[in-house]
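Just so you know, the protein sequences line up as chains U and W, in that order. Going by our numbering, the first residue of the first sequence is number 1, and it counts up by one from there. Going by our numbering, the first residue of the second sequence is number 1, and it counts up by one from there.
Quick caveat, the hints were computed from the structure, so don't treat them as lab data. Note that beta-carbon positions come from the ideal geometry of N, C-alpha and C, so glycine has one too. Among the hints, erroneous ones may be present.
As the list claims (entries may be wrong) - With a straight-line cut-off of 27 Å between C-alpha atoms, the simulated DSS-like cross-links for lysine-lysine are:
1) K70/W / K36/W
2) K36/W / K67/W
3) K36/W / K68/W
4) K99/W / K36/W
5) K7/U / K99/W
6) K7/U / K70/W
7) K65/U / K99/W
8) K67/W / K99/W
9) K65/U / K7/U
Stated by the list, open to error - Ranges between beta-carbon positions, derived for each pair:
10) P8/U / D69/W: 19 to 29 Å
11) T17/U / P39/W: 19 to 29 Å
12) L61/W / V3/U: 18 to 28 Å
13) E14/W / S113/U: 29 to 39 Å
14) E54/U / P112/W: 26 to 36 Å
15) D16/W / D64/U: 25 to 35 Å
16) D54/W / N82/U: 44 to 54 Å
17) L115/U / T30/W: 39 to 49 Å
18) K56/W / N72/U: 27 to 37 Å
19) D26/W / K7/U: 27 to 37 Å
20) P8/U / D16/W: 21 to 31 Å
21) G99/U / K67/W: 40 to 50 Å
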Amino acid sequence: SAVISQKPSRDICQRGTSLTIQCQVDSQVTMMFWYRQQPGQSLTLIATANQGSEATYESGFVIDKFPISRPNLTFSTLTVSNMSPEDSSIYLCSVRQGGSDQPQHFGDGTRLSIL
Amino acid sequence: GEDVEQSLFLSVREGDSSVINCTYTDSSSTYLYWYKQEPGAGLQLLTYIFSNMDMKQDQRLTVLLNKKDKHLSLRIADTQTGDSAIYFCACIRGGATNKLIFGTGTLLAVQP
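Same shape as in the complex, but just chain W:
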């Protein structure tokens, strides 16, 4: 089955860049997503990348995909205290299954 792994915790200072990493096992994953979960809230879709891309930038967010190593990363530039949250990567396979497999989540703590 599909495994999606993330480091559990990342601490950065306000204004620094954050890099959250994710590895996955299923090479047939077609879309890869990053979601943000703030305390007491649901999941907010941040960005996603198709498997035929290797980079996507959206304002302060940069997603890098290394298909050979099955490695996905999310870089947040100029990290703010409002970025403190749990970040989940998720992968989906194409075809009839369409099942979204979530990573373990990374808690990002931004120190003022």
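Just chain U, same shape as in the assembly:
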């Protein structure tokens, strides 16, 4: 399966600032996704990163708060904007190679704490 690298692995940020998380894959992938895992919770899909077009956001998530880029088939970024303590979570990138019969594989995540 693809090797997925996320940067940074963790960060502590001040409220009101923004942080951009990078996801790099070692091979071209069909789909890239961004998830949030709040403390002690399960994973929630934020959006699907579409190559060359705007991301597709899930209910409850908006582009102004979580802008996403995907300039090519191996790279995507998620920005968490104007952060508040409620944004303290693990943010995970996942990828899928091939069609919908293929599984998603995850990066190690970015652990974000907002003070």
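Place chain W on chain U using the hints.
For chain W alone, kept in the frame of chain U given last:
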């Protein structure tokens, strides 16, 4: 919408078998997955099963699927301390959505 439920906690002794259970509501789920999350790590895909199967075995792991009851289980044989982690089941529907819906996660604690 889709609901995927798991028990929150399971404690077993080293060498015993562990059985982690999952129930889901959407009968159109095509693939069902088990992921493992160790402390401080991301999610590792353990195994998955297609909805037209009722069992899949992979070394120490056995997945059972009861479509009628919408029940999925993961059995870990000869559980080791390294198996201590949170286990998530997840379901996906076919078609354009391709959205992966995760369960609440089960914390498996293996006692030496």
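Taking the hints in turn, this is what the structure says about them:
1. K70/W / K36/W: holds, 21 Å
2. K36/W / K67/W: Cα-Cα ~23 Å, so holds.
3. K36/W / K68/W: Between K36/W and K68/W the Cα gap is close to 26 Å, so the pair holds against 27 Å.
4. K99/W / K36/W: holds, 19 Å
5. K7/U / K99/W: holds, 24 Å
6. K7/U / K70/W: It is violated: about 38 Å lies between the C-alpha atoms, which goes past 27 Å.
7. K65/U / K99/W: holds, 21 Å
8. K67/W / K99/W: holds, 19 Å
9. K65/U / K7/U: holds, 19 Å
10. P8/U / D69/W: 19 to 29 Å: 43 Å Cβ-Cβ, so the 19 to 29 Å window is violated.
11. T17/U / P39/W: 19 to 29 Å: holds, 27 Å
12. L61/W / V3/U: 18 to 28 Å: holds, 23 Å
13. E14/W / S113/U: 29 to 39 Å: Holds, since E14/W and S113/U (Cβ atoms, about 34 Å apart) stay within the stated range.
14. E54/U / P112/W: 26 to 36 Å: violated, 51 Å
15. D16/W / D64/U: 25 to 35 Å: violated, 50 Å
16. D54/W / N82/U: 44 to 54 Å: The hint (44 to 54 Å, Cβ to Cβ) holds, given that D54/W and N82/U are roughly 49 Å apart.
17. L115/U / T30/W: 39 to 49 Å: holds, 43 Å
18. K56/W / N72/U: 27 to 37 Å: holds, 35 Å
19. D26/W / K7/U: 27 to 37 Å: holds, 35 Å
20. P8/U / D16/W: 21 to 31 Å: Violated, since P8/U and D16/W (Cβ atoms, about 39 Å apart) do not stay within the stated range.
21. G99/U / K67/W: 40 to 50 Å: violated, 22 Å
Going through the hint list in order, the structure does not satisfy hints 6, 10, 14, 15, 20, 21.
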